[in-house]
Amino acid sequence: MYIIVVGGGKIGFALTQSLLRNGDEVLCIERNANRHGVISEELGSASFLGDGCEVKVLQEIGAQRADAFIATTGDDEDNLIACQVAKHEFNVSKTIAQINNPQNRELFRILGVDATVNTTEVIMSQIAQEMPTHPLIPVLSLKGTGQELCHVEITSDSTVIGKKVEDIKLPEMSSILLIIDNDRTVRTPSDEVILRSGDEIIAVIRPEDEEQLRGLLTGTSY
Amino acid sequence: MNIIIMGCGRVGSSLASRLDNENHSVTIMDLDSNSFRRLPENFKGTALVGSGTDQSALERAGANNANIFIALTQGDNRNLTAVQIAKHIYGIPRVISRVYDHNRASIFEKLGIETFSSTGIVSNMMHDIISEK
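Chains as they are written, first to last, in the numbering used here: chain A, 1 to 222; chain B, 1001 to 1133.
Because the hints were derived from the structure by calculation, they are not lab data. Certain hints may be false.
Derived Cβ-Cβ restraints for the label pairs, each shown as a range [to be verified]:
#1 B:V1011 to A:E106: 40 to 50 Å
#2 B:G1112 to A:R184: 48 to 58 Å
#3 A:L149 to B:M1125: 55 to 65 Å
#4 A:G50 to B:G1120: 21 to 31 Å
No farther apart than 20 Å at their CA atoms in a straight line, the calculated lysine to any residue pairs in the SDA-like style are these [unchecked claim]:
#5 A:K87 to B:N1103
#6 A:K163 to A:D191
#7 A:K94 to A:A68
#8 B:K1110 to A:L111
#9 A:K143 to A:F90
#10 A:K56 to B:K1110
#11 A:K56 to B:S1117
#12 B:K1044 to B:R1018
#13 A:K94 to B:L1111
#14 A:K163 to A:Q103
#15 B:K1110 to A:F90
#16 A:K87 to B:I1113
#17 B:K1110 to A:S93
#18 A:K87 to A:L27
#19 A:K143 to A:D191
Here's a subset of chain B near chain A, in silico, CB distances under 10 Å, partners left out [as the list claims (entries may be wrong)]:
#20 S1056
#21 G1075
#22 L1080
#23 T1081
#24 D1101
#25 K1110
#26 E1114
Glycine included, every Cβ here is placed at the ideal spot set by N, Cα and C.
The shape of chain A in the complex, shown without the other chains (with noise of 0.2 Å):
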């Protein structure tokens, strides 16, 4: 595969060497000197001094034979049009964008970058799920679903405590997929089963849904 990585800062440096490692033909693109300089020493070939987003560079390093495009800078706006660039005037059929203001989800994907990964959104999930006292989590945006995975603990307060799963009435196109008991035992669920005080579940919900569902599991008000 012949994978072009946008910018050599801390993400793009690293994502260039893992797929290096992995034997892919990387080309890393990085418009200022000075940090090209330090990155080339490492990188060697595989790194390149230009603007990622301008058509004259893109030809010269062979983009329209490119498998992927990966758009890695400190600017959305960087990212978003040298996708935009590498998908309309070079056929890269995968385009893939980093992410730093969530607000920016939606644009990117009407205007058609294959992927985002929202580096923000991803370091406040990893913290939220290492503090105790966050009910629910978002885990996974499920593509193009309109769902996603969530992590909710069951407190001791709330009103599901004792009823089987059949007898929840969990909101519309959501449900538990898994149930980690208190001695963290991995079980999918039964409409049988009876949830406890500290059970942990994975379920699937509508992002819209995520405070009802907080509010049944939790006994959080809302």
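Mind docking chain B on chain A? Use the hints.
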């Protein structure tokens, strides 16, 4: 008409002032409040500190009711991102972007974005002036 202009440089401020004189409702945005000193004292429109690529700032600028959005900052990518937010998120019917790089401009023309390149306009004019001699 309700017009939002992003970037209060020389071009942005003089365009805002002209449209304001023609009694359009003009909102001009810039990241730097100092830029608004370029506006005439009798400017009746709104000057708003904020980025045209930030959706909350765009909402404050009235993007939900705007007829035209014009991006005039120095950054091609910033301009192109802002006009695409204006067009696709807020449904503003007419969006126009300054783009210095004419290769990039032609790609986005194909995607339905009106662009103009002062680089191209000025170099053509210069060429015409010289050729006429």
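Hints versus structure:
A beta carbon spacing of about 30 Å between B:V1011 and A:E106 contradicts the range 40 to 50 Å that was offered as a hint. With their beta carbons about 54 Å apart, B:G1112 and A:R184 fall inside the hinted range of 48 to 58 Å. Judged by the Cβ atoms, the range 55 to 65 Å given for A:L149 and B:M1125 holds: they are separated by roughly 58 Å. Between A:G50 and B:G1120 the Cβ separation comes to about 22 Å, which falls inside the hinted range of 21 to 31 Å.
For the hint pairing A:K87 with B:N1103, the CA-to-CA distance comes to about 14 Å; that is within 20 Å, so the pair holds. Using a Cα cut-off of 20 Å, the hinted pair A:K163 and A:D191 holds, with the two alpha carbons roughly 10 Å apart. With a C-alpha separation of about 5 Å, the suggested pairing of A:K94 with A:A68 holds against the 20 Å cut-off. Simply put, B:K1110 and A:L111 have alpha-carbon atoms about 13 Å apart, close enough for the 20 Å limit, and the pair holds.
With a CA separation close to 25 Å, the supplied pair A:K143 and A:F90 exceeds the 20 Å bound. Using a Cα cut-off of 20 Å, the hinted pair A:K56 and B:K1110 holds, with the two alpha carbons roughly 18 Å apart. This hinted pair checks out: A:K56 and B:S1117 have alpha carbons roughly 17 Å apart, not beyond 20 Å. For the proposed pair B:K1044 and B:R1018, the alpha carbon gap of about 11 Å is at most 20 Å, so the pair holds.
A threshold of 20 Å between alpha carbons decides the hint, and for A:K94 with B:L1111 the separation of about 19 Å falls inside it, so the pair holds. A hinted pair counts as satisfied when its Cα atoms are at most 20 Å apart, and A:K163 with A:Q103 does not qualify at roughly 39 Å. A hinted pair counts as satisfied when its Cα atoms are at most 20 Å apart, and B:K1110 with A:F90 qualifies at roughly 14 Å. The hinted pair formed by A:K87 and B:I1113 meets the criterion: a straight-line CA distance of about 16 Å does not exceed 20 Å.
For a cut-off of 20 Å, the pair hint linking B:K1110 to A:S93 stands: about 18 Å separates their Cα positions. For a cut-off of 20 Å, the pair hint linking A:K87 to A:L27 stands: about 17 Å separates their Cα positions. Under the criterion of a C-alpha separation no larger than 20 Å, the hint pairing A:K143 with A:D191 is inconsistent with the structure, at around 28 Å. The interface hint given for B:S1056 is met, as the beta carbon of that residue sits about 8 Å from the closest beta carbon of chain A, less than 10 Å.
This hint holds: B:G1075 has a C-beta 7 Å from the nearest C-beta of chain A, less than the 10 Å allowed. This hint holds: B:L1080 has a C-beta 5 Å from the nearest C-beta of chain A, less than the 10 Å allowed. Among the interface hints, the one on B:T1081 holds; its C-beta lies about 4 Å from the nearest C-beta in chain A, closer than the 10 Å criterion. Evaluation of the B:D1101 hint against chain A yields a held restraint, the C-beta minimum of about 7 Å falling below 10 Å.
Residue-level restraint check for B:K1110 holds (minimum Cβ-Cβ distance to chain A is 7 Å; threshold 10 Å). This hint is violated: B:E1114 has a C-beta 16 Å from the nearest C-beta of chain A, more than the 10 Å allowed.
Going through the hint list in order, the structure does not satisfy hints 1, 9, 14, 19, 26.
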